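Could you slot chain Z with the ligands onto chain U? The hints should help.
Each protein sequence line maps, in turn, to chains U and Z. This note's numbering numbers the first residue of the first sequence as 1251 and each following residue consecutively. This note's numbering numbers the first residue of the second sequence as 452 and each following residue consecutively.
Rather than coming from a laboratory, the hints here were simulated on the basis of the structure. Bear in mind the structure is a predicted one, so any value in this text is a computation, not a measurement. For glycine and all other residues, C-beta sits at the position ideal for the given N, C-alpha and C. It is possible that part of the hints are untrue.
What the hints assert, rightly or not - Facing chain U, a subset of chain Z residues (Cβ under 8 angstroms, in silico):
1. Ala751
2. Glu752
3. Ser753
4. Leu755
5. Gly757
6. Leu775
7. Pro783
8. Glu788
9. Gly790
10. Met795
11. Glu799
12. Gly813
13. Ile815
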Amino acid sequence: MNDTKGKNKRSFFEWFQDRWIAEPLFSTAIVLLLIIVLQTIVLGFDYDSIGSWFSSWLNNWINILRNNAGIGIISLGMTFVIISGGIDLAVGSTSVAIGAVIMMLIDNGPKGILANMGITGLPAFIIAIILGVGLGYGLGTGIGILITKGKIPPFIATLGAMKIFRSLTQHFMQGYNPTVPREFLQIANFKIGKFMLMPIIYWAVIAYILYYVSKRTVFGRQVIAVGSNEKAAKLSGVNVEKVKTGVYSLMGVLVAIATIIQVSRIGSMDFANAGSGYEMDAIAAAVVGGTSMSGGRGTILGTVFGMLIIAVMNNLLNLFGVPPFLREAFKGLIVVCAVLLQKKEKA
Amino acid sequence: MIVEMKNIIKSFGSNKVLKDVSLKLKGGEICALIGENGAGKSTLMNILGGVCKMDSGAIYLDGKKVDFDTPAQSLNAGIAFIHQELNLINDLPVYENMFLGRELKNKRGRLDLERMIYETEEVFKQMNVDLDPKIMVRDLDASYKQIVEICRAMMMNASIIIMDEPTTSLTEPEIKRVFSMMRMLKERGVGIIFISHKLNEVMEICERYIVLRDGCLVAEGNVSEVTTDDLARFMVGYDVRTERLSRDKNLGNEVLRLEKLTHETAYRDISLSVRAGEILGVTGLLGDGRSELFQSVFGAESILSGKIFLEREEIRINSTTQALDKGIGYLPRNRKENGIIKDMNILENASIVTWPLFAKRGVIDWIRHRKIFKKQVKELRIKMGKSTDSIDSLSGGNQQKVVLAKWLSANPKLLILDNPTQGVDVGAKEDIYDIILNLAKENIAVVVLSSEAQEVVRICDRALVMYHGVIQGEVSKETMNEHDIMRLATGGKLD
Ligand SMILES: Nc1ncnc2c1ncn2[C@@H]1O[C@H](COP(=O)(O)OP(=O)(O)OP(=O)(O)O)[C@@H](O)[C@H]1O
Ligand SMILES: [Mg+2]
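So here's chain U without its partners, still in its complex pose (with noise of 0.2 angstroms):
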C-alpha cells in the first residue's frame, strides 16, 4: 500500500529524472526530439500554407536522411566495435580501397576490368558488389586477427590499417579516373514515386537486422559481455578472440555496403579525401547516441538517434548560415555536450 502511495507522490519531475540517468537511449531521444522541434521553426511553420511547408519539410528530411546513409551504416558497425572494447580508425581508408576496386571492376572505360573481360551490365555489377562486399569482409577480418592474434591495441593497428589502405590506393590508382556506368547508379539513385529512397530504405533494412543482432543473437550479446568483462566472458566458454574478429569483419562489410552506396549516389571518387573523417562521424555518432568508450554498453536505436542528431544539427548549421569551417566545431561542442549530459561511468 506504501508502495503506491510512494508511486504517486513522486512527480513527473523525478521520474524524468530517473529515466534520464538510467537510460541513455531516454536522453537521446529527448534530444533528437528537441532538436527536430527546434528545425521545425526555423523551417518557418506557418500554419496558413501547411501543404507547401510540408513538401519542404519532407524534402529536406529525405535530403537529410539520404546524405547520412552511408556514414549511418558505418556508425553502426562501429556501435558493435566500440562495445566490444575496441575501436576503428579505417573505416573511411577501407571505404576508399574498396571504392576503387569496385570502380574498377564496373568501369566502362577502356581499362575497366571486367568490361575487357566481356562482362558489362548487371552480371558486372553483381561480380563487383559481391567482390566489393568481400573485400570489406576480408580487410576487416585482417585487421580483427592483427588485433586478437597479434595483440595489437585496436587504436594502433587501425591507425595503421588506415594509413597502409589510402596510401596503397592512393599509389595505384594515380592517373586513373574509372568512370561508373549510368546503370549503376541507379542503386542509390532509382526513384520511388518522386523520391530517391533507395539509401534511405538499405540504412533502415541494416539497421533493423543489426538491432536483432544484438539483441537476440548469440554472437551479439557475446559482444556486450567480451566488451564488459573479458575474463569472465572467456571463463564462460565465450571465444573472445572469434568474437572481436567478428566485430571487426561485420565492420568491413559494412564499409563496403556503405561504399558501395556512395559510389552509386556520386559516381565518382576522390581516392585523395573521401572518406577522410568517417571514422570520427561514426565514433561521435555512437557515443552521442549513448556508447560508452570503455566497453559493454551501447545500442543500435541510440547510435541511430545519435546519427540524427549529429545530422539535423548540420543541416540547422545550414539554415542558419553558420560558416563551413565553425561548423566543425560546433559538431565537436555536440559530441561533449551529449556525454556531459549521459550517465556518468563508473571509473
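Only chain Z with the ligands this time, still in chain U's reference frame:
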C-alpha cells in the same frame, strides 16, 4: 568511540531493504553482523560508510549526529571500510593502493614513494605477509588482494573498522593472522564490525552478534551464550543441518586423468584422475596452485608439459570454448573479476554459458533460458526483483548463486567448481551441497576446489591436498578429517 545507528530505513525502488534497524558499537569491541544473503548487511554498512544514503534514520558518533554524503567523509570521521567486493586499482602497485586518496607527500609536494613503500612493508611485516609492495595489483591473486585491502584498512588509524566478508578467499593461516591483527586493534580500543557467513569465525573472534533477517534486526546478544547452530537458526529461521553428507556412490568410468601436468610457475608434476559420479575435493593454502591447475584443464591457462586425458583420450585444449564443447565446465572463484558481467542483466549472467548450446541458427532461445532460470531461482533461493534487473542490484551471495547457475544448466561431463559457496549464507550453502551431490548422482564428475576444509570433508568422496604447486597427499571419505587436511596443507605428512 561509540557509533550508534538509529532507526535506519532504506529502500531501493519498491524493495524495502532495511526496515527500522538500530545498532550500537563501542570501541574495543568486535561485533558480528550476520544474516541471510540479501538480508541487508552490506546496505547497512554502506550507509555507515557513506557509500549510499538512508531514507530516514540517524547516525551518531560519540553522541553527536553526523551525516555522511561520501565515503571520504566517513573515513575522515574515523571509519574504515573493507568492502565485500575487492576495490583495488589494478594498474597501480600495491603501495600506491595502500595510500590511495591519502598519498604521502614530501616537502616539495612530490609523492614520497620511499616512505609509502616503507610503511607498507612495516604493515606487511606486522601481518606476517610475504608480499613485495612494488608489485602491480593486477598480478596478484584474489586472496592477496583481499589481504592488501585488510592491511590498508589496518593502517588508516581508524577508530571503527567495518569488515564486510573479509575472509571469503583466505585460507586458515591467513585468517588466523587477520584475527590476531584484529585482537591487537581491539586492545587499542578500535571497534570492529565483522560480517561473515562462516559462523565458526564469528564464534572465535566476536563477542557480540547482531542478526538481520529481511531488513529487520531479529536477534542480538553475546556470542558466549550461543552455539553456531543457534546463530544459523537465527539467520534462516529453521534448524540448519550440519552432519556429513552421504549418498549412494555409483562410480562410473574415468572422466579426467592428468599425467605429470606442469605449469611455468604455479604447479608441477600433477597426476590425478576423476571418475564419473565422483566428487573430488582439492584444497590447500594460498599459493597452492589449484586454481591455475584446473584453469589449465579448462583451457584458460597454458601448460608447459604433461598430458590431459578426457574419457581416456588425450586432448589438447587451447581455449575455453573448446573445453566447453568437450563437456568441461569451470566455475571460477572471485566473482567480481571472473564471474560477473556488470553490463548484463541477471538472466543474461545466469545463461551466458548455454547461449550457444541452446541457440537455433545463432539466435538465443530466451524462452528456454527464462524457464530454466526460473527453476534455478527457486532451487538456489536467489533473492531478486525482476530477472531483467541489473546484476549490481543483487547482494553478494545472490550474485554468487547466479554465477553458479550458469554452469548448472550446461550439463557438462566434468564440472570444476572453484570456491562455489563464496559468500553464500548457511542455508543456501546446504542447498548448493545438495545440488552438487545430485550432479554426482547424474554421473557427472565433480571437482570442488575449496579453501574450507570443513566443506571438503562434508561433501567430497576424496580430497587432494596441494602445497606449493604439488600434491602433498590424499585423504578419503572414511578417514577424512579437518586435522589431517590442515597438516598436509601446511606441508606436513600423514604417518
Ligand atoms: N544498488 C541496488 N539496487 C537495487 N537493489 C539493491 C541494491 N543493492 C542491494 N540491493 C538489494 O538490497 C537487498 C540487501 O542487499 P545487501 O547487499 O545489503 O545484502 P547482504 O545482507 O549484504 O547479503 P550478502 O550476504 O549476500 O552479501 C538485496 O535484496 C538486494 O537485492
Ligand atoms: Mg553483502
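A quick look at each hint next to the structure:
Checking Z:Ala751 against chain U by beta carbon gives a least distance of about 6 angstroms; that is within 8 angstroms, so the hint holds. Violation of the interface hint for Z:Glu752 is found here, the shortest Cβ-Cβ separation to chain U being roughly 11 angstroms, above the 8 angstroms cut-off. For Z:Ser753, the interface hint is violated, since its Cβ never comes within 8 angstroms of a Cβ in chain U; the closest pair sits about 13 angstroms apart. About 20 angstroms separates the beta-carbon of Z:Leu755 from the nearest beta-carbon of chain U, more than 8 angstroms, and the hint is not met.
About 22 angstroms separates the beta-carbon of Z:Gly757 from the nearest beta-carbon of chain U, more than 8 angstroms, and the hint is not met. Checking Z:Leu775 against chain U: minimum C-beta separation of about 4 angstroms stays under 8 angstroms; hint holds. Interface hint at Z:Pro783: satisfied, since its Cβ lies 5 angstroms from the closest Cβ of chain U, which is below the 8 angstroms cut-off. With a cut of 8 angstroms, the hint placing Z:Glu788 at the interface with chain U holds, because the nearest CB-to-CB distance is about 6 angstroms.
Taking 8 angstroms as the C-beta cut-off, the interface hint given for Z:Gly790 holds, the closest approach to chain U being about 6 angstroms. At a threshold of 8 angstroms, the smallest CB-CB gap from Z:Met795 to chain U is about 6 angstroms, leaving the interface hint in force. The criterion of a C-beta within 8 angstroms of any C-beta in chain U is met by Z:Glu799, whose closest approach is roughly 7 angstroms, and the hint holds. For Z:Gly813, the interface hint holds, since its Cβ comes within 8 angstroms of a Cβ in chain U; the closest pair sits about 5 angstroms apart.
For Z:Ile815, the interface hint holds, since its Cβ comes within 8 angstroms of a Cβ in chain U; the closest pair sits about 6 angstroms apart.
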